[in-house]
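Residue numbers (the numbering used here), protein chains in the order written: chain A, 1 to 253; chain B, 1001 to 1273.
Because the hints were derived from the structure by calculation, they are not lab data.
Please note: incorrect hints may appear among the correct ones.
Ranges of calculated distance between the beta carbons of each label pair, as one might list FRET restraints [unchecked claim]:
hint, chain 1, residue 1, chain 2, residue 2, range
1, A, E70, B, G1173, 26 to 34 Å
2, B, G1173, A, F66, 23 to 31 Å
3, A, D142, B, S1202, 54 to 62 Å
Pulled a few chain A residues facing chain B out of the computed Cβ check, cut under 10 Å [what the hints assert, rightly or not]:
hint, residue
4, A76
5, P79
6, L86
7, Y93
8, L107
9, L166
Which chain B residues stay away from chain A? Per the calculated CB distances, all over 12 Å, these [what the hints assert, rightly or not]:
hint, residue
10, F1125
11, H1171
12, A1178
13, V1198
14, T1255
Here the structure is a predicted model, which is why all the values come from computation and not from measurement.
We put the CB at the ideal spot given by N, CA and C, even for glycine.
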Amino acid sequence: MSAPGGPVLELREITKSYGEREVLRGIDLTVREHEAVALIGASGSGKSTLLRCIDLLEEIDDGDVFLDGEVITDPAVDPVAVRRRLGLVFQAYNLFPHLTALENVMLGERRAHGASRAEADARGRELLARFGLAGREDDRPDNLSGGQQQRVAIARAFAGRPRALLLDEVTSALDPELVGEVLAAVRDLKAEGMTMLIATHEMSFAREVADQVAFLHEGRIVEQGSPAQVLEAPQRDETRRFLRRFQGITQSI
Amino acid sequence: MPNDRRLEREAAKRRKHRRGQAIAALSSVVILGGLATLILTSPGWPEVRETFFNWEVFKDSFPDVAKAFWLDVKIFIVAELAILVVGLIVALVRISRSPATFPLRALSVIYVDVFRGVPTILLVFLIGFGVPALRLDGLPTDPVVLGAIALILSYSAYVAEVYRAGVNSVHRGQRDAALAVGLTETQAMRHVVLPQAVRRVSPPLLNDFVALQKDVALISILGPLEAFREAQIIEAQLFNFTPLVAAALLYLAVTIPTARIVDRLGGPEGAVR
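Throw the hints in and build the complete structure from the sequences for me.
This is how it looks when you write it as structure tokens:
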């Protein structure tokens, strides 16, 4: 595992509202090179919105996001160029149903990164094999299990050699027995030093993989630190309440 | 005894199936037989058979009507290809969000409203007789071309709305995912949204084509010798409607196969069982 380096993603005072509803109320967060930051918090606390704002799929109201020191939330910045430097994996996979697994992985390579068909094909096959999907290249998403689909989605996001990967609750839509194979894929990326911001409900996974855990509550990061600090010895009442409720749910399962 | 019960269930299923078939057969005989009896015993049937279903007239007129029908086939093939393209362009303009395309977007809304709202037969009249009356150089004067243009304008308005509905039915997450892998908005539309939209709307598109294939007969009011007009001419000479029945059979020969393709695309629910 590589040691964390300089900041790749820096979020300063991000705010975002939908009409009257304030979803993000001033988020400050830094993700360093090779670092995995787990974003935890209740459903509706703004985790997905934050990731979508970073990938410029939503426009923030105020604040700045820096990628490798450059501001990317300036209206003058071309969002397409920014998205080509980031990878986003969706909770519901969002694979392209009319394309095969291989074509899903190749599309960005071919059209966004200008790779030749042969290059994109070779890289696509290599990535699918890496995530345990050798032999499934020509399958359409609806012939794959949820876990396989999400691994294709991870390969697709990774194919563009992103500076950072944004993972949006990538196991939440999966049957419990399929969660492990997707987490293994994320673990594999972490081992190789991928910089990641991971919105997750998997506390044990956050503890294992993340270098930092940030707890998002009502649009603010109320507590942040190492997994041991935040998950074992939380300082704030909100964090304790959240973790207690969460443990209750986990145990009742 | 699960084995006995299984045999019993299968026997019951067979009985039910057989009874269903018997009921279907009986109701067909009653309804179709009743209708046939009603028509065949009606007081005017001998005259109707003579003027509509005269085998001699059918034999003599069919080759001419069929030859004229070839013009219908050519018109609807060309029109369908043009409609696919024009409809798509209108739909894409209407979907676009760029401020630069605002005037085009407004035009596309007006175009769809007007051309979908005017009866096709009026459009054929207005374009077929109105355009040559302008006496402008370079504008087509051939009634076949003008009639085809009228049909293309009318049906493209419908087809544009079909495309638009298809694009709107593709989940927003697809566009998000396409942008997330680094595609531009245009590439996302071209490679991700449109292919899914077109697949989804191909049954209603073909359905519009079934309607178009018979509406080609409307061009006859401009004079070209297509199947309906040829049949009318023979009818007027012989005072016998059988040539029109021949023309009807020719239209069915193309519309029914198209309808079956629609059924197949729409899945097993559409088919008659």
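- Item | Earlier hints that do not hold, by number | Of the numbered hints given earlier, those the structure breaks are 3, 4, 11, 12, 13, listed in rising order.
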